[in-house]
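**Q** Going left to right, the first sequence walks through residues 0 to 267 as numbering that gives the first Met the number 0 numbers them.
Derived by calculation from the structure, the hints in this document are not laboratory data.
Quantities reported herein were computed from a predicted structural model and do not represent experimental measurements.
Heads up, some of the hints might be wrong.
Across the chosen pairs, the derived CB separations fall in these ranges [unchecked claim]:
#, residue 1, residue 2, range
1, SER185, THR51, 16 to 26 angstroms
2, VAL242, PRO37, 52 to 62 angstroms
3, VAL242, VAL213, 38 to 48 angstroms
4, SER43, LYS108, 36 to 46 angstroms
5, ARG199, GLU30, 34 to 44 angstroms
6, GLN35, LYS99, 16 to 26 angstroms
7, CYS243, GLU116, 21 to 31 angstroms
8, ALA204, ARG87, 46 to 56 angstroms
9, ASN119, ARG235, 35 to 45 angstroms
10, ASP96, GLY54, 35 to 45 angstroms
11, GLY256, THR49, 23 to 33 angstroms
Cβ coordinates follow ideal geometry from the N, Cα and C atoms, glycine included.
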Amino acid sequence: MPELPEVETIKNELAPHIIGHTITGITLFDERIVRQPPVEEFGSRLIGETITEIGRRGKYLLFSLTSGQTLVIHLKMTGSLWLIPPDRFTRAVIHLDGDKKIYFRDPRKFGVMWLVEDKNTVTDKLGPEPLEEGFTAKRLSKALARRTAPIKALLCDQNVIAGIGNMYADEALFLAKIHPMRPGGSLKPAEIKRLYNAIRQVLTAAINDKGASVDTYFRPDGQIGTAHFQFRVAHRRGQSCPVCGTPLQRIPVRNRGSYFCPKCQPEV
DNA sequence: CCCGGAACCTGAAGGC
DNA sequence: TGCCTTCAGGTTCCGG
């Protein structure tokens, strides 16, 4: 699942290949992949545009274009962007000059694209970027204050913090020794500080490992990332806690599988 | 505003 | 072997 480290890796590895290149055509194998504007306008407004910059906000990829428009891509659960032809799950192709292509692969068809005049119309509700300076333990504390929802759900809420999903929420909560069902507002200052540090540590390490290929995440050259080999609890069904050896538990939180150590992350 | 659950989607995996 | 059910989860929508 592409979360912040995966999207960041895709951005970094795509950039040197496509910045400065001009879009010459768009192929859509399923028009539902375009959320905005109407699909008839999408291609014509993109053709002739040159990609000047690639950014990331949360899990959104932002392709800046010469006209000032932004092509926004969200890979959702199973999307990936390839510089080489993938397989039958290609849902769209962005053709560039010099015979380059960006293939949008997405088995489950959740991924979407927008072409907008102002990228903020898509990303303005997102919470802070966890790896930027504006994100502080104090800000995390304020975001969690008086919230009764499980901390796991709040970490995955893009309006609270941008970019964290199921995998890295589990990893951060394990490092911080916090039970996923704890109400957000019940965390003590020391716990918030631990959680803050854990979030930054987990995301930074995963970026260094080029993301986690637990399911359908691939890098633009088709390679996998290796961050999942460092996972302590996430997706480790049936395995034991790497710290104390207790069998890991899996419980649903907001209908999402959540892995944790019942001994290292006690309920109270 | 806050919270929780359903819906979207389809391949993979497991049960019988 | 093959059919059927369940699981996976980011985001959005909806009801309370």
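**Q** Using the beta carbons of VAL242 and VAL213, state whether their distance is inside 38 to 48 angstroms or not.
**A** Once the Cβ atoms are compared, 21 angstroms apart, the range 38 to 48 angstroms for VAL213 and VAL242 is violated.
**Q** Take the C-beta atom of CYS243 and the C-beta atom of GLU116, compute their distance, and say whether it sits inside 21 to 31 angstroms.
**A** 53 angstroms Cβ-Cβ, so the 21 to 31 angstroms window is violated.
**Q** If you check the beta carbons of ARG199 and GLU30, does the distance land in 34 to 44 angstroms?
**A** With Cβ atoms ~40 angstroms apart, the hint holds.
**Q** Given the hint of 23 to 33 angstroms, is the C-beta distance from GLY256 to THR49 inside that range or not?
**A** 42 angstroms, violated
**Q** Using the beta carbons of GLN35 and LYS99, state whether their distance is inside 16 to 26 angstroms or not.
**A** Check passed, 25 angstroms falls within 16 to 26 angstroms.
**Q** Is 52 to 62 angstroms right for how far apart the beta carbons of VAL242 and PRO37 are?
**A** 53 angstroms, holds
**Q** Has the hinted range 35 to 45 angstroms been met by the Cβ atoms of ASN119 and ARG235?
**A** 38 angstroms, holds
**Q** So does ASP96 sit 35 to 45 angstroms from GLY54, Cβ to Cβ?
**A** 22 angstroms, violated
**Q** Within 46 to 56 angstroms: is that where the Cβ-Cβ distance between ALA204 and ARG87 falls?
**A** Given a distance of about 34 angstroms, which is not inside 46 to 56 angstroms, the answer is violated.
**Q** Mind checking the hinted window 16 to 26 angstroms against the Cβ distance between SER185 and THR51?
**A** 46 angstroms, violated
**Q** Taking the beta carbons of SER43 and LYS108, is their distance inside 36 to 46 angstroms?
**A** 24 angstroms, violated
Of the numbered hints given earlier, the model fails hints 1, 3, 4, 7, 8, 10 and 11; all others are met.
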